[in-house]
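As you go down the protein sequences, you meet chains G and V in turn. If you read the first sequence in the working numbering, its first letter stands for residue 1, the second for the next number, and so on. If you read the second sequence in the working numbering, its first letter stands for residue 114, the second for the next number, and so on.
Think of the hints as simulated: they come from the structure by calculation, not from any bench. Just so you know, not all the hints are guaranteed correct.
Which stretches of chain G does chain V cover? Using the computed rule of at least three CB atoms under 8 Å from a CB of chain V, they are [to be verified]:
{"hint": "1", "segment": "35 to 48"}
{"hint": "2", "segment": "104 to 113"}
Some, not all, of what chain G presents toward chain V, calculated at C-beta under 8 Å [claimed, not checked]:
{"hint": "3", "residue": "Q31"}
{"hint": "4", "residue": "S52"}
{"hint": "5", "residue": "Y71"}
{"hint": "6", "residue": "L88"}
{"hint": "7", "residue": "R92"}
{"hint": "8", "residue": "L101"}
For each residue, glycine too, the CB sits at the ideal point set by N, CA and C.
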Amino acid sequence: QKEVEQNSGPLSVPEGAIASLNCTYSDRVSQSFFWYRQYSGKSPELIMSIYSNGDKEDGRFTAQLNKASQYVSLLIRDSQPSDSATYLCAVRGYGGSQGNLIFGKGTKLSVKP
Amino acid sequence: NAGVTQTPKFQVLKTGQSMTLQCAQDMNHNSMYWYRQDPGMGLRLIYYSASEGTTDKGEVPNGYNVSRLNKREFSLRLESAAPSQTSVYFCASSELLQPRNTIYFGEGSWLTVV
């Protein structure tokens, strides 16, 4: 059974700080990695995807992937109250049912003004 | 830009009743999915359809059936609803069942079984 693990939080950071969200996954052949943001009562929204080891930056967001350690993280710089949401880590394999998205249970982030 | 549209948004059912959740996407995607989301359990895949004419079980298929009506539409049916099926249901789609294809979600359907 493939697993994606996240700290459920809540993670509380002050406005302007860096929020660091972490995720580990069990399947070594996982191919692609995603971070979704979900506001309360809303659907998941993709904010970052990463496929290769290293860092990928998009505005205030940086995703980091380490396949050897089976670890993926999301850094949010200059955190804003509007970043308060649950962040879902998701992992996909390749081909057939392996191509399905497996989600972690999410980390709830609270950014305090 | 509608994307993925689900109906109904809210529904209350009595135990034993049946209902169908409807889903349609206008992005010409080949693959479609049904997920459920429960507190503390995250999003779990119920069924998926890799392409028109195919459907497969996901992680939690018991108590559900699906129909891929055409390329656009993928419905989820509860034949005899149980309180354990109280959940938020999300339909989703992607261009293909490939690792780098983004999965897009509908707005969700809140189902309560009493």
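How the hints compare with the structure:
no.	hint	in the structure
1	35 to 48	holds (count 5)
2	104 to 113	holds (count 3)
3	Q31	4 Å, holds
4	S52	11 Å, violated
5	Y71	18 Å, violated
6	L88	7 Å, holds
7	R92	5 Å, holds
8	L101	5 Å, holds
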